[in-house]
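Asker: Read off the chains here:
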Amino acid sequence: MTNIPVNAVDVSNLTVKFGDFIAVKNISFSVEKGEIFGFLGANGAGKTTTIRVLCGLLLPTSGKVKVSDVTYDQGIEAIKAKVGYMSQKFTLYNDLSIQENFAFTASLRKIPSDTLKRRTKELLDFIGFSKPMNTLVRDLPGGIKQQVSLAASILHDPEIIFLDEPTAGVTPVARARFWALIKQLAKDGKTIFVTTHYMDEAEQCGRIALMRTGEIIALDGPENLKKTTFPDPIIELNPKGTIPSELIEQLRNNKAVDSIDSYGMKYHLIMKDSQEWNRLSIEIAPFFVIRQIPPSLEDVFIRLVEGVTR
Amino acid sequence: MNLKFNFKRALSIAKKEQFHIMRDPFTLTMATILPVLLVLIFGLAIEFNVKDIGLTVHDSDRTFSSRKLVEVFSSSQYFNINPSRGSIIDAISDLDSERSKASLIIEPEFEHNLLASGNTKAQFLLDGADNSTAGVILGYLGGIQKAANFKLTGTLVKEPIELKTRYLFNPELSSPWFIVPGLAVVVIAILSILLTALTVAREWENGSMELLLSTPVQPLEIIIGKLIPYTVIGLAAVLLVVLVAILGFGIPFAGNIILFGVGSLIFLIACLAQGMLISVLIRTQQLSMQIAMVTGLLPSLLLSGFIFPLESMPKFFQNFTSILPSKWFMIISRGIFLKGADLSDLKLPFIGLFILSSILIITATKKFKKDLEP
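Chains A and B, in that order, give the protein sequences.
Per the numbering used here, numbering of the first sequence is gapless, rising by one per residue and ending at 310.
Per the numbering used here, numbering of the second sequence is gapless, rising by one per residue and ending at 1374.
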């Protein structure tokens, strides 16, 4: 290991077509070694397609992909050896024990039995698993299953770990625990590539790529994303009682207002012309409790991913 | 890339599959109960020889001769006599009410005509709605007529030409002898098509196929690994059928057991490939199962010659059945089992079966690999 690559993943001008349908349009990005890289986007935005290409499950139509210094020219097997993949849909075989699941994965990846033994102990210690190894997976609680599944997917000690919605359907406590594990792995130098629908999870990523209809429309750290998307603060309007129905429409048509969206019972208002705010705020003060709030990732997501289509 | 085929990895898949089979009550039940059930149902319940046929007798003559005629029927052990309740109408109404399958009507002049001219008549009515039973009864009538002639006239009628029939391979025309060897076909077809169709569809359905593919495992290794356990199950089921046939039904195994095993294996591979093809194309367990049932069960039961002779089918169907592996293996199975046929007798069926198996396995593998390889 004389030259350690700085980037774990390098993608340039990647395009994936299924017939006439373009699933991924000419995207380029890099992921640094040891980074937690979040992938956000609606279903069908191209996240899974991109991940499948990076895991060696799908050939790119055009463009260059380099995963842990390995390119497609060196064969998909070489890529597969470098990555670990854990999907939301399937975790482990339910009717096999943990031992059997591990042994099965190990045999497919040709991991020698002494290495398997050592890695199994390491990983089970890592996730803090204490039940007997011959417990059937179906008898494990959802959160534990997710952690064991993570362990199984990194049995071969991959440099990059792809997690496709790994925490879908587990309890908040188990999610927090899982993210602690992810952070530990990143600290140990592993690169984590994660897709999620939870905004609080996205906040914990080093950088986030937002995908929409096959394109990356934003790529930055969570705080920077908020700053660049919302240079001005968001104004939260909390109705004091019933408000005149045409009021929201009036605000929306106001030239100084950029957008107004409903969030549950409340509204989020963004000014186009902040000079106008002082006057407008006095005008609507009788109807709303007004306060300025910092933008959340959800605001960013809605504005970037859904806002454009409106 | 295929050159990297690694038998150890295929074995790991086979081992994992074995865990699935051992722990899944459905698969286990199917694999063990189904062959036994089929042998019992088809071996014991299907009887082509009809016995205890209800026969309504309306005897208006009531003479020594007419009673002798009725006696011939009743002593033949094929018929149960239902005496007419007085009216000739009963002869018809008993057929309508399914009380009898046939009626015998003897007119008042039966004995008189016999004694006067040496020639007399009785009427025999047969329920033609059930043509298979009618056919069998018709077959019995010839023998009964001969016996009646002898009983009533005391002389054996000399026929100019007499055909002596001897039944080869199944001297007593026993139905189980005909049915049970054919069951090997049905059992293999159902078991292997159904189980493989389910096993691959299951991996698609719960997403584990994706995970398998993220490892360096090759498509061919998955196929071979998955087929090994089901080949074992299929061969075990055939062995079970053979044992039940020999020990349970006393059917002698006339031919070469090795040749029979080879035929079974080729047929088994065709069925496994068919199951694989179904689940590669369908990818959901429920629909795979239904399609496997229809494409596995129907041809092997109806179009293989298992029960309904292919010779009596329209020309189109006779030709059509040639693309069904079950037709060819039916010929092989019965041929080896009952007739002791050897490879030279069964050249055509073996070639047919081999070609069909090859086509199926090539198609399934190609389609499977195309789906799996990036």
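No lab work stands behind these hints: they were computed from the structure.
Heads up, some of the hints might be wrong.
Examples of chain B residues lying across from chain A (beta carbon under 7 Å, computed) [stated by the list, open to error]:
1. Ala1014
2. Gln1018
3. Phe1026
4. Leu1028
5. Thr1029
6. Thr1032
7. Arg1202
8. Ser1208
9. Glu1210
10. Thr1215
11. Lys1339
12. Gly1340
Think of the CB as a built atom: it goes at the ideal place given N, C-alpha and C, for glycine as much as any other residue.
Asker: Look at each hint and say if it fits the structure.
Answerer: Status of the hints after comparison with the structure:
Hint status for Ala1014(B): violated, given a least beta-carbon distance of 11 Å to chain A, over 7 Å. Interface hint at Gln1018(B): violated, since its Cβ lies 11 Å from the closest Cβ of chain A, which is beyond the 7 Å cut-off. Interface hint status for Phe1026(B): violated, as the beta-carbon distance to the closest one in chain A is roughly 12 Å, over 7 Å. Below 7 Å, beta-carbon pairs count as interface contacts, and Leu1028(B) has none with chain A, the closest being about 12 Å; its hint is therefore violated.
With its C-beta approaching chain A no nearer than about 15 Å, Thr1029(B) sits outside the 7 Å limit, and its interface hint is violated. At its closest, the beta carbon of Thr1032(B) sits 18 Å from a beta carbon of chain A; the interface hint therefore is violated under the 7 Å criterion. For the restraint placing Arg1202(B) at the interface with chain A, the shortest Cβ-Cβ distance is roughly 10 Å, beyond the 7 Å limit, so the hint is violated. Because the beta carbon of Ser1208(B) sits about 5 Å from the nearest beta carbon in chain A, less than 7 Å, this interface hint is met.
Satisfaction of the interface hint for Glu1210(B) is found here, the shortest Cβ-Cβ separation to chain A being roughly 6 Å, below the 7 Å cut-off. Given hint, Thr1215(B) at the interface with chain A, holds; its Cβ is 4 Å from that chain's nearest Cβ, closer than 7 Å. About 45 Å separates the beta-carbon of Lys1339(B) from the nearest beta-carbon of chain A, more than 7 Å, and the hint is not met. Below 7 Å, beta-carbon pairs count as interface contacts, and Gly1340(B) has none with chain A, the closest being about 45 Å; its hint is therefore violated.
The structure fails to meet hints 1, 2, 3, 4, 5, 6, 7, 11, 12 from the earlier list, while all remaining hints are met.
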